[in-house]
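When you get a sec, could you build the whole thing from the sequences and use the hints?
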Amino acid sequence: RCLLPLENNFLASGSDDSFFRIWNLKDRKIRDSFNKDNGGHSNQIRDLISIGNNHLSTASLDGSIKVWKVNENETRLISTFDSTNGGHTQAVVRLAVSGSYLMSGSADSTVKIWNKQNLNQIELKYTFDKSKGGHSGLVTSIVPLENNKIATGSNEIKIWNLNNGSLDFTFNSTKSVFSDPINFLIKNGQYLIATSSSPNFSVPGIIKVFDVNKLELQWTLDDKNGGHSSFIFDLTNLGDSCKIASASADRTIKIWNVISGKLEKTLTGHTDIVWITKYLGNSRLVSGSGDIEGTTGELNVWDIKSGKILQTFSQKNGDLVSGSVDHDIKP
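All letters in the sequence shown, in the order written, are residues 1 to 331 by the UniProt record's numbering.
No lab work stands behind these hints: they were computed from the structure. Please read all numbers here as calculations on a predicted model, not as lab measurements. All C-beta atoms in this analysis are idealised placements derived from N, C-alpha and C, irrespective of residue type, glycine included. Keep in mind that the hints are not guaranteed to be accurate.
Cross-link-like lysine to aspartate or glutamate pairs, in silico, DMTMM-like; alpha carbons within 20 Å at most [what the hints assert, rightly or not]:
1) Lys-130 with Asp-108
2) Lys-278 with Asp-234
3) Lys-149 with Glu-216
4) Lys-130 with Asp-168
5) Lys-214 with Glu-146
6) Lys-278 with Asp-240
So the derived label-pair ranges between C-beta atoms look like this [stated by the list, open to error]:
7) Gly-281 with Ile-30: 28 to 34 Å
8) Ser-83 with Asn-164: 40 to 46 Å
9) Glu-74 with Asn-118: 35 to 41 Å
10) Lys-29 with Lys-214: 48 to 54 Å
11) Ser-50 with Ser-229: 33 to 39 Å
12) Thr-220 with Asp-291: 25 to 31 Å
13) Glu-123 with Asn-161: 15 to 21 Å
14) Ile-292 with Glu-7: 19 to 25 Å
15) Gln-90 with Asn-213: 33 to 39 Å
So this is what it looks like as C-alpha coordinates:
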(Lines of atoms letter the chains of each structure in order from A and count residues from 1; the text may use other names and numbers.)
(Lines give C-alpha, C1' and ligand atoms only; values in the text may rest on other atoms or scores of the structure.)
Protein backbone atom coordinates (compact mmCIF):
# COMPACT_ATOMS: atom_id res chain seq x y z
CA ARG A 1 0.00 0.00 0.00
CA CYS A 2 2.87 2.42 0.79
CA LEU A 3 6.26 2.73 -0.88
CA LEU A 4 9.10 5.13 -0.13
CA PRO A 5 12.45 5.21 -1.99
CA LEU A 6 15.48 5.59 0.31
CA GLU A 7 19.16 6.30 -0.21
CA ASN A 8 21.73 3.64 -1.14
CA ASN A 9 19.29 1.53 -3.17
CA PHE A 10 16.90 0.77 -0.34
CA LEU A 11 13.12 0.91 -0.40
CA ALA A 12 10.67 1.12 2.52
CA SER A 13 7.20 -0.40 2.32
CA GLY A 14 4.11 -0.63 4.48
CA SER A 15 1.39 -3.11 3.64
CA ASP A 16 -2.07 -4.42 4.45
CA ASP A 17 -0.50 -7.44 6.17
CA SER A 18 0.77 -4.99 8.86
CA PHE A 19 4.44 -5.43 7.91
CA PHE A 20 6.89 -2.53 7.69
CA ARG A 21 9.79 -3.65 5.51
CA ILE A 22 13.13 -2.34 4.26
CA TRP A 23 14.15 -3.79 0.91
CA ASN A 24 17.63 -3.98 -0.60
CA LEU A 25 17.07 -3.23 -4.28
CA LYS A 26 20.54 -4.47 -5.25
CA ASP A 27 19.85 -8.08 -4.32
CA ARG A 28 16.01 -7.73 -4.30
CA LYS A 29 15.79 -9.10 -0.76
CA ILE A 30 14.11 -7.95 2.44
CA ARG A 31 16.68 -6.56 4.85
CA ASP A 32 14.40 -5.73 7.79
CA SER A 33 10.83 -6.71 8.58
CA PHE A 34 8.59 -5.63 11.47
CA ASN A 35 5.10 -6.58 12.62
CA LYS A 36 3.41 -6.92 16.02
CA ASP A 37 5.82 -9.69 17.03
CA ASN A 38 8.89 -7.42 17.01
CA GLY A 39 7.64 -3.91 17.75
CA GLY A 40 5.76 -3.20 14.55
CA HIS A 41 2.10 -2.62 13.84
CA SER A 42 -0.74 -5.04 14.52
CA ASN A 43 -2.98 -3.90 11.66
CA GLN A 44 -2.79 -2.46 8.14
CA ILE A 45 -0.25 0.31 7.50
CA ARG A 46 -1.98 3.22 5.77
CA ASP A 47 0.81 5.79 5.41
CA LEU A 48 4.60 5.97 5.33
CA ILE A 49 6.67 9.16 5.11
CA SER A 50 10.16 10.48 5.67
CA ILE A 51 10.49 12.93 8.55
CA GLY A 52 14.17 13.78 8.00
CA ASN A 53 17.60 12.64 9.19
CA ASN A 54 17.08 9.01 8.14
CA HIS A 55 13.90 8.76 10.18
CA LEU A 56 10.62 7.38 8.83
CA SER A 57 7.14 7.38 10.30
CA THR A 58 4.33 4.87 9.77
CA ALA A 59 0.60 5.14 10.49
CA SER A 60 -1.69 2.19 11.00
CA LEU A 61 -5.27 1.08 11.47
CA ASP A 62 -4.14 -0.12 14.91
CA GLY A 63 -4.31 3.54 16.00
CA SER A 64 -0.57 4.05 16.40
CA ILE A 65 2.17 6.14 14.83
CA LYS A 66 5.69 4.74 14.87
CA VAL A 67 9.02 6.46 14.26
CA TRP A 68 11.89 4.42 12.80
CA LYS A 69 15.60 5.10 12.41
CA VAL A 70 16.92 3.58 9.17
CA ASN A 71 20.70 3.25 9.06
CA GLU A 72 22.85 1.68 6.38
CA ASN A 73 23.02 -1.61 8.28
CA GLU A 74 19.92 -1.73 10.47
CA THR A 75 16.47 -0.35 11.22
CA ARG A 76 15.40 0.50 14.77
CA LEU A 77 12.07 1.47 16.31
CA ILE A 78 12.55 4.82 18.05
CA SER A 79 9.12 5.60 19.48
CA THR A 80 5.41 4.75 19.36
CA PHE A 81 2.50 7.15 19.84
CA ASP A 82 -1.00 5.86 20.53
CA SER A 83 -3.92 6.39 22.90
CA THR A 84 -1.68 5.69 25.92
CA ASN A 85 0.50 8.78 25.39
CA GLY A 86 -1.65 11.45 23.76
CA GLY A 87 -2.08 9.78 20.38
CA HIS A 88 -5.16 8.84 18.42
CA THR A 89 -7.92 6.60 19.74
CA GLN A 90 -8.79 5.10 16.35
CA ALA A 91 -7.13 4.25 13.03
CA VAL A 92 -4.46 6.65 11.77
CA VAL A 93 -4.69 7.04 7.99
CA ARG A 94 -2.64 10.11 7.07
CA LEU A 95 0.75 11.61 7.93
CA ALA A 96 2.44 14.79 6.72
CA VAL A 97 5.42 16.97 7.62
CA SER A 98 5.63 20.76 7.73
CA GLY A 99 8.77 22.37 9.14
CA SER A 100 9.39 21.03 12.64
CA TYR A 101 5.98 19.36 12.84
CA LEU A 102 4.74 15.85 12.16
CA MET A 103 0.99 15.85 11.51
CA SER A 104 -1.49 12.98 11.68
CA GLY A 105 -5.12 12.46 10.69
CA SER A 106 -7.39 9.77 12.08
CA ALA A 107 -10.74 8.02 12.06
CA ASP A 108 -11.27 9.58 15.50
CA SER A 109 -11.96 12.86 13.57
CA THR A 110 -8.91 14.62 14.98
CA VAL A 111 -5.75 16.10 13.54
CA LYS A 112 -2.73 15.99 15.82
CA ILE A 113 0.33 18.20 15.48
CA TRP A 114 3.56 16.79 16.91
CA ASN A 115 6.81 18.66 17.52
CA LYS A 116 9.45 16.36 16.04
CA GLN A 117 12.58 18.14 17.27
CA ASN A 118 13.17 15.31 19.75
CA LEU A 119 12.38 12.17 17.78
CA ASN A 120 12.84 9.92 20.82
CA GLN A 121 10.02 11.67 22.61
CA ILE A 122 7.89 13.67 20.20
CA GLU A 123 5.83 16.34 21.95
CA LEU A 124 2.13 16.75 21.17
CA LYS A 125 1.68 20.42 20.25
CA TYR A 126 -1.99 20.65 19.22
CA THR A 127 -5.06 18.48 18.84
CA PHE A 128 -7.61 19.84 16.38
CA ASP A 129 -10.95 18.31 17.34
CA LYS A 130 -14.62 19.28 17.30
CA SER A 131 -14.17 21.53 20.33
CA LYS A 132 -11.87 23.70 18.20
CA GLY A 133 -14.12 23.64 15.14
CA GLY A 134 -12.54 20.49 13.73
CA HIS A 135 -13.91 17.68 11.64
CA SER A 136 -16.71 15.31 12.55
CA GLY A 137 -15.62 12.44 10.29
CA LEU A 138 -12.57 10.52 9.11
CA VAL A 139 -9.64 12.85 8.38
CA THR A 140 -8.31 11.67 5.03
CA SER A 141 -5.89 14.41 4.00
CA ILE A 142 -3.32 16.86 5.38
CA VAL A 143 -1.57 19.36 3.09
CA PRO A 144 1.07 21.92 4.19
CA LEU A 145 0.45 25.51 3.03
CA GLU A 146 2.44 28.72 3.09
CA ASN A 147 2.75 30.94 6.21
CA ASN A 148 2.82 27.96 8.60
CA LYS A 149 -0.70 26.85 7.77
CA ILE A 150 -2.14 23.49 6.78
CA ALA A 151 -5.29 22.25 5.05
CA THR A 152 -7.11 19.14 6.26
CA GLY A 153 -9.82 17.17 4.48
CA SER A 154 -12.80 15.17 5.70
CA ASN A 155 -16.32 15.99 4.47
CA GLU A 156 -15.05 19.54 4.22
CA ILE A 157 -11.73 21.36 3.95
CA LYS A 158 -10.37 23.29 6.92
CA ILE A 159 -7.46 25.72 7.05
CA TRP A 160 -5.46 25.76 10.31
CA ASN A 161 -2.83 28.16 11.65
CA LEU A 162 0.09 26.33 13.26
CA ASN A 163 1.42 29.52 14.86
CA ASN A 164 -1.41 29.63 17.39
CA GLY A 165 -3.36 26.41 16.78
CA SER A 166 -6.47 28.17 15.55
CA LEU A 167 -8.96 27.37 12.80
CA ASP A 168 -8.71 30.02 10.08
CA PHE A 169 -11.37 28.95 7.62
CA THR A 170 -13.78 26.17 6.64
CA PHE A 171 -15.07 25.44 3.18
CA ASN A 172 -18.42 24.23 4.53
CA SER A 173 -22.01 23.73 3.36
CA THR A 174 -22.33 27.33 2.22
CA LYS A 175 -18.92 27.22 0.57
CA SER A 176 -19.18 24.10 -1.57
CA VAL A 177 -18.94 21.13 0.78
CA PHE A 178 -18.76 17.61 -0.62
CA SER A 179 -21.66 15.25 0.02
CA ASP A 180 -19.21 12.34 0.29
CA PRO A 181 -15.87 12.20 2.16
CA ILE A 182 -12.82 13.68 0.47
CA ASN A 183 -10.57 10.96 -0.92
CA PHE A 184 -7.59 13.09 -1.92
CA LEU A 185 -6.43 16.63 -1.33
CA ILE A 186 -3.40 18.08 -3.12
CA LYS A 187 -1.95 21.56 -3.59
CA ASN A 188 -1.03 23.12 -6.92
CA GLY A 189 0.19 26.71 -6.66
CA GLN A 190 -2.50 28.77 -4.95
CA TYR A 191 -5.08 26.05 -5.44
CA LEU A 192 -6.28 23.14 -3.33
CA ILE A 193 -7.67 20.32 -5.43
CA ALA A 194 -9.96 17.81 -3.76
CA THR A 195 -11.79 14.76 -5.02
CA SER A 196 -14.85 13.11 -3.55
CA SER A 197 -16.56 9.93 -4.69
CA SER A 198 -19.49 7.82 -3.57
CA PRO A 199 -18.74 4.20 -2.59
CA ASN A 200 -21.24 3.39 -5.33
CA PHE A 201 -19.03 3.14 -8.43
CA SER A 202 -21.95 4.10 -10.71
CA VAL A 203 -22.00 7.62 -9.23
CA PRO A 204 -19.63 10.07 -10.99
CA GLY A 205 -16.64 11.28 -8.98
CA ILE A 206 -16.21 15.02 -8.44
CA ILE A 207 -13.09 17.20 -8.38
CA LYS A 208 -13.24 20.69 -6.89
CA VAL A 209 -10.59 23.37 -7.19
CA PHE A 210 -10.39 25.94 -4.38
CA ASP A 211 -8.43 29.20 -4.45
CA VAL A 212 -6.61 29.40 -1.10
CA ASN A 213 -5.87 33.11 -1.49
CA LYS A 214 -9.47 34.08 -2.25
CA LEU A 215 -10.92 31.35 0.01
CA GLU A 216 -13.49 30.37 -2.57
CA LEU A 217 -14.45 27.59 -4.93
CA GLN A 218 -12.88 28.14 -8.34
CA TRP A 219 -14.02 25.13 -10.40
CA THR A 220 -16.11 21.99 -10.19
CA LEU A 221 -14.85 19.27 -12.52
CA ASP A 222 -17.48 16.57 -12.95
CA ASP A 223 -19.27 14.54 -15.61
CA LYS A 224 -21.03 17.69 -16.83
CA ASN A 225 -17.75 19.08 -18.19
CA GLY A 226 -15.96 15.96 -19.30
CA GLY A 227 -15.14 14.51 -15.89
CA HIS A 228 -15.13 10.95 -14.63
CA SER A 229 -18.21 8.73 -14.62
CA SER A 230 -17.13 6.70 -11.57
CA PHE A 231 -15.03 6.67 -8.38
CA ILE A 232 -11.80 8.72 -8.48
CA PHE A 233 -8.90 6.87 -6.88
CA ASP A 234 -5.97 9.24 -7.34
CA LEU A 235 -4.86 12.82 -8.02
CA THR A 236 -1.33 13.70 -9.13
CA ASN A 237 0.46 16.97 -9.85
CA LEU A 238 2.24 16.95 -13.19
CA GLY A 239 5.53 18.45 -12.07
CA ASP A 240 5.60 22.20 -11.49
CA SER A 241 2.89 22.90 -14.06
CA CYS A 242 -0.70 23.97 -13.46
CA LYS A 243 -1.88 20.57 -14.62
CA ILE A 244 -3.05 17.53 -12.69
CA ALA A 245 -3.97 13.95 -13.56
CA SER A 246 -6.95 12.08 -12.11
CA ALA A 247 -7.42 8.30 -12.18
CA SER A 248 -10.74 6.53 -11.97
CA ALA A 249 -12.72 3.31 -11.86
CA ASP A 250 -14.09 4.34 -15.27
CA ARG A 251 -10.73 3.09 -16.66
CA THR A 252 -9.56 6.52 -17.77
CA ILE A 253 -6.99 9.13 -16.76
CA LYS A 254 -7.91 12.77 -17.25
CA ILE A 255 -5.52 15.71 -17.57
CA TRP A 256 -6.84 19.00 -16.19
CA ASN A 257 -5.66 22.62 -16.16
CA VAL A 258 -6.46 23.95 -12.68
CA ILE A 259 -6.14 27.61 -13.74
CA SER A 260 -8.63 27.40 -16.60
CA GLY A 261 -10.70 24.58 -15.14
CA LYS A 262 -10.62 22.84 -18.51
CA LEU A 263 -10.21 19.18 -19.39
CA GLU A 264 -7.17 19.00 -21.66
CA LYS A 265 -6.99 15.30 -22.45
CA THR A 266 -8.49 11.92 -21.61
CA LEU A 267 -6.09 8.98 -21.66
CA THR A 268 -7.80 5.73 -22.61
CA GLY A 269 -6.20 2.31 -22.87
CA HIS A 270 -6.60 0.61 -19.51
CA THR A 271 -9.07 -2.25 -19.40
CA ASP A 272 -9.83 -2.03 -15.69
CA ILE A 273 -9.83 0.30 -12.66
CA VAL A 274 -6.99 2.84 -12.69
CA TRP A 275 -5.76 2.89 -9.10
CA ILE A 276 -2.70 5.12 -9.15
CA THR A 277 -0.61 7.49 -11.27
CA LYS A 278 2.89 8.90 -10.89
CA TYR A 279 4.52 11.67 -12.91
CA LEU A 280 7.97 10.70 -14.17
CA GLY A 281 8.98 14.00 -15.77
CA ASN A 282 9.53 14.78 -19.45
CA SER A 283 5.79 14.59 -20.11
CA ARG A 284 5.70 10.94 -19.03
CA LEU A 285 3.09 9.47 -16.71
CA VAL A 286 2.94 5.95 -15.33
CA SER A 287 -0.39 4.45 -14.28
CA GLY A 288 -1.34 1.19 -12.61
CA SER A 289 -4.64 -0.63 -13.05
CA GLY A 290 -6.26 -3.92 -12.15
CA ASP A 291 -9.51 -5.55 -11.18
CA ILE A 292 -10.93 -5.12 -7.70
CA GLU A 293 -10.20 -8.76 -6.81
CA GLY A 294 -6.50 -8.30 -7.55
CA THR A 295 -6.32 -11.09 -10.14
CA THR A 296 -5.04 -8.98 -13.05
CA GLY A 297 -2.74 -6.01 -13.29
CA GLU A 298 -1.46 -3.62 -15.93
CA LEU A 299 0.98 -0.75 -15.96
CA ASN A 300 1.07 1.84 -18.75
CA VAL A 301 3.66 4.51 -19.45
CA TRP A 302 2.11 7.46 -21.29
CA ASP A 303 3.33 10.39 -23.33
CA ILE A 304 0.99 13.07 -21.99
CA LYS A 305 1.41 15.43 -24.95
CA SER A 306 0.32 12.89 -27.53
CA GLY A 307 -1.91 10.86 -25.23
CA LYS A 308 -0.29 7.68 -26.50
CA ILE A 309 0.92 4.65 -24.55
CA LEU A 310 4.70 4.24 -24.76
CA GLN A 311 4.97 0.95 -22.87
CA THR A 312 2.64 -1.60 -21.32
CA PHE A 313 3.44 -4.23 -18.70
CA SER A 314 0.83 -6.83 -17.83
CA GLN A 315 0.65 -9.46 -15.13
CA LYS A 316 -1.94 -11.97 -14.05
CA ASN A 317 -2.67 -13.01 -10.47
CA GLY A 318 -1.93 -9.67 -8.86
CA ASP A 319 -2.10 -5.96 -9.51
CA LEU A 320 1.07 -4.50 -10.98
CA VAL A 321 2.14 -1.04 -9.88
CA SER A 322 5.88 -0.55 -9.98
CA GLY A 323 8.24 2.37 -10.44
CA SER A 324 11.64 3.54 -9.29
CA VAL A 325 13.62 6.57 -8.24
CA ASP A 326 15.66 6.62 -11.44
CA HIS A 327 12.48 6.90 -13.52
CA ASP A 328 12.84 3.37 -14.89
CA ILE A 329 9.80 1.13 -15.02
CA LYS A 330 10.23 -2.47 -14.02
CA PRO A 331 7.76 -5.37 -14.41
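Hint check results:
no. : hint                             : result
1   : Lys-130 with Asp-108             : holds, 10 Å
2   : Lys-278 with Asp-234             : holds, 10 Å
3   : Lys-149 with Glu-216             : holds, 17 Å
4   : Lys-130 with Asp-168             : holds, 14 Å
5   : Lys-214 with Glu-146             : holds, 14 Å
6   : Lys-278 with Asp-240             : holds, 14 Å
7   : Gly-281 with Ile-30: 28 to 34 Å  : holds, 29 Å
8   : Ser-83 with Asn-164: 40 to 46 Å  : violated, 26 Å
9   : Glu-74 with Asn-118: 35 to 41 Å  : violated, 21 Å
10  : Lys-29 with Lys-214: 48 to 54 Å  : holds, 52 Å
11  : Ser-50 with Ser-229: 33 to 39 Å  : holds, 36 Å
12  : Thr-220 with Asp-291: 25 to 31 Å : holds, 30 Å
13  : Glu-123 with Asn-161: 15 to 21 Å : holds, 19 Å
14  : Ile-292 with Glu-7: 19 to 25 Å   : violated, 35 Å
15  : Gln-90 with Asn-213: 33 to 39 Å  : holds, 34 Å
Of the numbered hints listed earlier, those contradicted by the structure are 8, 9 and 14.
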